[in-house]
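**Q** Spelled out, the chains give:
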Amino acid sequence: MIDSILSLRSYNPVVKVLAPIPAMVVAGLSRDLWTPAALTVIALVMLLAFGRLRGRALLWTLAGPPLMVAVLTLSFGVWIDREKVGGWSGALEAGLATGLRVSAVLTLALIAGLTSEGTDLVRSMITHLRMPYRIGYAGFAAMRFVPRFRHDLEIIRLAHRVRGVSTGRGPVATTKRYSGYVVPLLAGAMRHGDRVSLAMEARGFGAYPARTERRRVPLRARDAVLALWLLLLCLVPTLPGVLG
Amino acid sequence: MKNLTTRFLMACAAIGAATGVLLIPAFFVSFAISATVPLAYAAMAGVWLLGPVIALAVLRRPGAAVLTMLLAGIINIASPAGPSAIVTNLMVGVAMELGFLVTLYRIWRPWLFHVTALVFQTFYAISAYAYFHIDDVALAGKAGFVILLALSTVGFVQAGLIIAKRLTAAGVARGIRRPQPS
Chain X
1 MIDSILSLRS
11 YNPVVKVLAP
21 IPAMVVAGLS
31 RDLWTPAALT
41 VIALVMLLAF
51 GRLRGRALLW
61 TLAGPPLMVA
71 VLTLSFGVWI
81 DREKVGGWSG
91 ALEAGLATGL
101 RVSAVLTLAL
111 IAGLTSEGTD
121 LVRSMITHLR
131 MPYRIGYAGF
141 AAMRFVPRFR
151 HDLEIIRLAH
161 RVRGVSTGRG
171 PVATTKRYSG
181 YVVPLLAGAM
191 RHGDRVSLAM
201 EARGFGAYPA
211 RTERRRVPLR
221 ARDAVLALWL
231 LLLCLVPTLP
241 GVLG
Chain C
1 MKNLTTRFLM
11 ACAAIGAATG
21 VLLIPAFFVS
31 FAISATVPLA
41 YAAMAGVWLL
51 GPVIALAVLR
61 RPGAAVLTML
71 LAGIINIASP
81 AGPSAIVTNL
91 MVGVAMELGF
101 LVTLYRIWRP
111 WLFHVTALVF
121 QTFYAISAYA
131 YFHIDDVALA
141 GKAGFVILLA
151 LSTVGFVQAG
161 LIIAKRLTAA
171 GVARGIRRPQ
181 PS
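Chains as they are written, first to last, in the UniProt record's numbering: chain X, 1 to 244; chain C, 1 to 182.
One should not assume that every hint holds.
To be verified - If you want the footprint, here are the derived chain C segments under chain X, 3+ residues with CB under 8 Å: (1) 6-13; (2) 89-102; (3) 105-119; (4) 158-167.
Calculated directly from the structure, the hints in this document are not laboratory data. Since the structure is predicted, the reported quantities are computational estimates derived from the model, not experimental observations. Cβ atoms here follow ideal geometry from the backbone N, Cα and C, with glycine treated the same way.
Working from the sequences, and respecting the hints, build out all of it.
**A** If you want it as structure tokens, here you go:
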């Protein structure tokens with residue numbers, strides 16, 4: 001099921017990250033309405049048809065882009081120099097273009113964001129982008145640090161409370177309290193990093209120039225097709241001229 | 001590769017993981033406020049500088065900023081920016097690294113952190129100009145955008161330097177830092 005050619009999840013994560021970038025640049029630099037609108041719709045259709053989204057991710061993909069376009073259109077209408085763009089309609093049009101541009105870049109990024117696993121991306125970067133595996137494994141370690149941080153933060157918070165560290169109430173005091181957690185949290189994390197590196201070296205990490213992987217992330221013909229398709233999206237601005 | 005000891009890599013992973021956790025809400029908030037008040041976006045653009053500044057100031061080794069931001073980007077896959085966050089983060093990391101590269105990693109004074117960050121934000125402001133249609137925004141908005149961007153840059157770099165100083169005082173980077181030629 002996961003390997004179905006119709007599921008975006010079965011494609012190579014590095015391809016999904018890199019191939020949309022030219023189209024994102026085209027969308028970001030466009031000044032018309034057609035280009036970002038067409039790219040947003042194409043990316044959304046790809047995600048909805050082949051992304052196999054569920055639950056909250058599906059909800060946000062459906063509701064996010066229209067909501068953002070609407071809010072940006074209105075807010076830019078307020079901010080923009082109305083004399084220069086020709087009254088309210090011009091201001092709203094500029095706002096709409098900005099909203100579509102932001103949502104086009106966002107949805108193109110979501111193609112990779114919602115359909116790939118971080119660990120698979122790192123594995124593919126090591127295998128296909130020739131990233132040194134020592135750096136890749138630092139990436140795995142960083143991912144494993146995150147749940148540990150949550151635990152550490154809880155301990156530091158409780159330690160401050162048990163010692164009666166009080167900054168008072170309100171948003172200013174909360175900011176102050178949280179900034180007090182930063183240094184112990186980071187210091188603890190770096191000490192943990194020291195211990196992890198000792199443990200890794202004790203197990204012979206980095207002894208050989210290359211390393212085999214148990215789980216393989218394939219790079220197949222379908223990935224070339226996807227990359228070609230995403231690169232072809234750069235031609236979207238020229239479509240209205242071709243179609244007349 | 002010889003300089004990338006496992007301990008240095010794991011220190012970068014620790015700072016990178018913390019930066020990544022900090023940047024996930026930052027990406028969410030930045031998308032939300034870039035949609036409502038583009039000017040507020042300029043005010044928070046400095047958040048992205050915290051990670052590389054802390055990494056460089058604490059570890060004082062070539063590649064610290066790039067590595068930290070690469071690892072932070074890998075964490076950021078869960079954010080709405082998706083893996084393209086890796087590109088954003090790497091861009092910031094490389095930019096912060098450049099200032100130290102051109103001084104051959106001999107100068108670690110606070111002013112170099114500020115200057116590097118401000119030069120980077122100048123380039124960022126130019127690209128944001130097109131992206132956010134700033135061209136058409138009223139003059140007060142333009143001035144506000146530039147001033148807020150500069151203020152947030154200096155503010156967050158300073159915050160990063162203070163955190164780095166306290167971390168160094170806690171002794172966590174002992175043995176990672178290279179002996180400094182004085």
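**Q** State for each hint whether it applies.
**A** Going through the hints against the structure:
Given a C-beta distance limit of less than 8 Å, the hint that chain X covers the region 6-13 of chain C holds, as 7 residues qualify and 3 suffice. Under a criterion of three residues with beta carbons nearer than 8 Å to beta carbons of chain X, the stated coverage of the region 89-102 of chain C fails, only 0 such residues being counted. With 0 residues having a beta carbon nearer than 8 Å to a beta carbon of chain X, the region 105-119 of chain C misses the requirement of three or more and the stated coverage is violated. Only residues whose C-beta sits within less than 8 Å of a C-beta in chain X count toward coverage, and the region 158-167 of chain C has 3 of them, enough to reach three; the restraint holds.
Violated hints, listed in ascending order, are 2 and 3; each of the other numbered hints is respected by the structure.
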